[in-house]
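Residue numbers (full-length UniProt numbering), protein chains in the order written: chain B, 1 to 364; chain D, 1 to 401.
These are calculated hints, taken from the structure and not from any lab test. It should be emphasised that the depicted structure is a prediction, and the values quoted were computed from it without experimental measurement. Some hints here could point you the wrong way.
Unchecked claim - Listed next, the stretches of chain B that the computed footprint assigns to chain D, with coverage defined by at least 3 CB atoms under 8 Å from CB atoms of chain D:
hint, region
1, 242-251
2, 268-276
3, 283-297
Claimed, not checked - Computed footprint of chain B on chain D; a stretch qualifies when at least three of its residues, placed anywhere within it, have a C-beta under 8 Å from a C-beta of chain B:
hint, region
4, 286-292
5, 315-323
6, 378-386
Even for Gly, the Cβ is constructed at its ideal location relative to N, Cα and C.
Each chain, letter by letter, is given below.
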Amino acid sequence: MSILYDEGQQAIATESRRVLEARVSKEELLPLLETSGRYHEGYWTTAKEQGWTALALPEAYGGLDLGLIELGLIAHQAGRSLSGAPFLTSNFGAAKAIELYGSDDQKTKWLPGLASGETIGAVAFASGANALPARPALTLTGERLDGVMTGVAGGLAADIAVVFANGPGMPVLAVAELADVKRTAIATFDNSRLYADLEFAGTPAETLVTGGAAREAALHILALQAVITAHEQAGGAEAMMEIARDYAVTRRAFGQPIGAFQSIKHRIAEIYGLVELARANCIHAASREGQADFITAAAAARISATEAYDTASRDCVQIHGGIGVTWELGLHLHTRRARSLAIEQGNLLFWEDVLVDRLTGEAA
Amino acid sequence: MSDLDAYRSKAAAWLESMVPTYGKAARKGLSEADDLALARKYQKAKFDAGYAGINWPTEFGGQGKGHLEKVTFDTEEMKHGFPSFYFGISLGMPIPVLMQFGEDKAWVKERVLKALQGEEIWCQLFSEPAGGSDLAGLRTKAEPDGNGWKINGQKVWTSWAHYSDYGVIVVRTDPNVPKHKGLTYFWVDMKAPGVTVRPIKLVGGDSHVNEVFFDDVKIGDDHRMSPVGGGFAVAIATLMIERYVATDSAGFGPHLDLFVELAKDTELNGKPAIEDGRIRQQIARNYAMRSGLQSITARAMAMMQAGMTPGPEGSLNKLVAVRSRQKLSELAIDLQGSDGFTYDDHASQKEDWTSSWINAPTGRIAGGSDETLLNTIAEKILGLPQDHRPDKGVPFNQIPA
Numbered sequence: 001m002s003i004l005y006d007e008g009q010q011a012i013a014t015e016s017r018r019v020l021e022a023r024v025s026k027e028e029l030l031p032l033l034e035t036s037g038r039y040h041e042g043y044w045t046t047a048k049e050q051g052w053t054a055l056a057l058p059e060a061y062g063g064l065d066l067g068l069i070e071l072g073l074i075a076h077q078a079g080r081s082l083s084g085a086p087f088l089t090s091n092f093g094a095a096k097a098i099e100l101y102g103s104d105d106q107k108t109k110w111l112p113g114l115a116s117g118e119t120i121g122a123v124a125f126a127s128g129a130n131a132l133p134a135r136p137a138l139t140l141t142g143e144r145l146d147g148v149m150t151g152v153a154g155g156l157a158a159d160i161a162v163v164f165a166n167g168p169g170m171p172v173l174a175v176a177e178l179a180d181v182k183r184t185a186i187a188t189f190d191n192s193r194l195y196a197d198l199e200f201a202g203t204p205a206e207t208l209v210t211g212g213a214a215r216e217a218a219l220h221i222l223a224l225q226a227v228i229t230a231h232e233q234a235g236g237a238e239a240m241m242e243i244a245r246d247y248a249v250t251r252r253a254f255g256q257p258i259g260a261f262q263s264i265k266h267r268i269a270e271i272y273g274l275v276e277l278a279r280a281n282c283i284h285a286a287s288r289e290g291q292a293d294f295i296t297a298a299a300a301a302r303i304s305a306t307e308a309y310d311t312a313s314r315d316c317v318q319i320h321g322g323i324g325v326t327w328e329l330g331l332h333l334h335t336r337r338a339r340s341l342a343i344e345q346g347n348l349l350f351w352e353d354v355l356v357d358r359l360t361g362e363a364a
Numbered sequence: 001m002s003d004l005d006a007y008r009s010k011a012a013a014w015l016e017s018m019v020p021t022y023g024k025a026a027r028k029g030l031s032e033a034d035d036l037a038l039a040r041k042y043q044k045a046k047f048d049a050g051y052a053g054i055n056w057p058t059e060f061g062g063q064g065k066g067h068l069e070k071v072t073f074d075t076e077e078m079k080h081g082f083p084s085f086y087f088g089i090s091l092g093m094p095i096p097v098l099m100q101f102g103e104d105k106a107w108v109k110e111r112v113l114k115a116l117q118g119e120e121i122w123c124q125l126f127s128e129p130a131g132g133s134d135l136a137g138l139r140t141k142a143e144p145d146g147n148g149w150k151i152n153g154q155k156v157w158t159s160w161a162h163y164s165d166y167g168v169i170v171v172r173t174d175p176n177v178p179k180h181k182g183l184t185y186f187w188v189d190m191k192a193p194g195v196t197v198r199p200i201k202l203v204g205g206d207s208h209v210n211e212v213f214f215d216d217v218k219i220g221d222d223h224r225m226s227p228v229g230g231g232f233a234v235a236i237a238t239l240m241i242e243r244y245v246a247t248d249s250a251g252f253g254p255h256l257d258l259f260v261e262l263a264k265d266t267e268l269n270g271k272p273a274i275e276d277g278r279i280r281q282q283i284a285r286n287y288a289m290r291s292g293l294q295s296i297t298a299r300a301m302a303m304m305q306a307g308m309t310p311g312p313e314g315s316l317n318k319l320v321a322v323r324s325r326q327k328l329s330e331l332a333i334d335l336q337g338s339d340g341f342t343y344d345d346h347a348s349q350k351e352d353w354t355s356s357w358i359n360a361p362t363g364r365i366a367g368g369s370d371e372t373l374l375n376t377i378a379e380k381i382l383g384l385p386q387d388h389r390p391d392k393g394v395p396f397n398q399i400p401a
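Model the full structure from these sequences, guided by the hints.
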């Protein structure tokens, strides 16, 4: 896959940016923070209408047969606009798990709904600090799941979840319908992500893959999601950099724009470096899907994008001074999102370990 | 296989065949004089094989190929530790400027051919004790003298001046106008009477840079390579000649693999250091940073190959890579603890952490300091305002010293 965007891909970037800028506003996003259990429905409707849910899925199941590069471009724009729904990533992750590891029956059953966006998918692997725990929180007995998954992104609204569980003496990747699962919304610093605890109690589940292959499969799904999330983070970081730049050229102090002071201009130039490194790693990772070094590239993208978004949002607020910490200005929407995305799909510590394991040849 | 891939593999094979004669092992233990003599032979071999002046016009003895072939060759060449750096400045800037701005084409061609074959070396006389980042603040002056000019003043940080036959120089010819407007660009004969070259010993123990003094050095007006007062533009053109050069995401220090090996081999608190989270974090973050730079470079190459202009993010390379090399080298010395004191000033900066560490500050200053690069990124890419410049528009001789 080329590392240069072709005309079609550039059009996806331009069009998705145009649509999101027109349909997502700070005024809609701020109120979502003050209650739990609500998300930006306008964004999700847009995603379905625009075919973004179908983008990277196979044509045979209602998809558009494009790939990570195209979905990444949209995620980048979603990150810029702070579009408040977690499903672009988790829906894709759940669909890829079924596409790559499911049977023909399972694909026929789930993929068309996930592609159209009528079915919302979640991915639930993590247990606290462990993105891919040695002892998963769920147990699969026969075809029934038991246990509690905490902090599942999108978990409050999802129709199905792909889970990593303890099977009979071995790990297993399974898919379960969530209709009868007890869900508790979590009050969080980024409420529009619909984080929820899911309580499985004899919930029917279908196995996708078992044994050592299940762990590998789960890591692969996490890596796919990590690349999408990294694009979203890079987009958010880029937006924060531009907001900081725009403020620095207009706000004046001591008779000149504050952007003329090196303490400010160098800070923004440093953010530029982080944003470009993250973007480069994202493009590279998206182009390596299916190659032996994909996990390594995904980890690198994830690490640099997390650093870029956190730093950009931190420094952008600092450059604004007092106005930067007001509710109304809304920079905190990015500050919050930078942190929530840093935890979704495995934290920095997890990806650092995955990367070093790959570099030292100790990968599973 | 694309044409460029074919070019790369042919160049790689040729370079491989040169390793026994000119590679690291062959150079080990040589005095600088012997190393330079070997370097001249290597440069001649490159010329004979068609790898000198790769992207230069054939009318001057170049190969008439593209910039991509040049960067491709340089990237392959970098892997072997050949003594090519003596000619880096000479062929990098003064000679291309000479081809572009030199008036006497026959004379220019003779110089170019001799430089390409390693017979002659040129230096670039820009920096001065009082003018580093502020190139336009130069004080070395040239005054009219009969039909020519007379130069007085001092330059500094002039790489390879002690081996140079010629140099290009920017001097002040009119102190009565604002600083950018009073500069003129010349070439000088480094063996001319009144030119004194004094090597400066650097922290790493080597002396490849010099102070150069000019005392009543007389040159003809035919040495002039810009309009009188038009030297700043040519100087900037010199600095812009090759925006995309062969880069090294390791900041021209050791490869990350060497750090991973060190961490595997070193015991820390009774366990291999590679199991220590602090060490793992540094490895992971360095990898992510370096892979980002490599992806930027790969994308720039692909864009050039497609006839497009690469983005400005290539300017990040030196800034990001050398800083991280400096810190990783510190950590590598820490990791060796009491075994980390040893130092060999002949060790390679690419393979030895201590040598990499002690020489890293040079990389953060030469060719634009971190601060200058950050200003350039902020102003040229992000559109932030210039720093406050009290000397703007003021005639040079009225600027308070």
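We went through each hint and held it up to the structure:
Only residues whose beta carbon comes within less than 8 Å of a beta carbon in chain D count, and the region 242-251 of chain B has 3; three or more means the coverage holds. Counting residues of the region 268-276 of chain B whose beta carbon lies closer than 8 Å to any beta carbon of chain D gives 6, which meets the minimum of three for the stated coverage. Restraint check on the region 283-297 of chain B versus chain D: 3 residues with Cβ-Cβ distances below 8 Å, three needed, restraint holds. Residues of the region 286-292 of chain D with a Cβ under 8 Å from some Cβ of chain B number 5, which satisfies the need for three, so the listed coverage holds.
Interface restraint, the region 315-323 of chain D with chain B: holds (3 residues with C-beta to C-beta distance below 8 Å; minimum three). Check result for the region 378-386 of chain D against chain B: holds, 8 residues qualifying (beta carbon to beta carbon below 8 Å, three or more required).
The structure agrees with every numbered hint stated previously.
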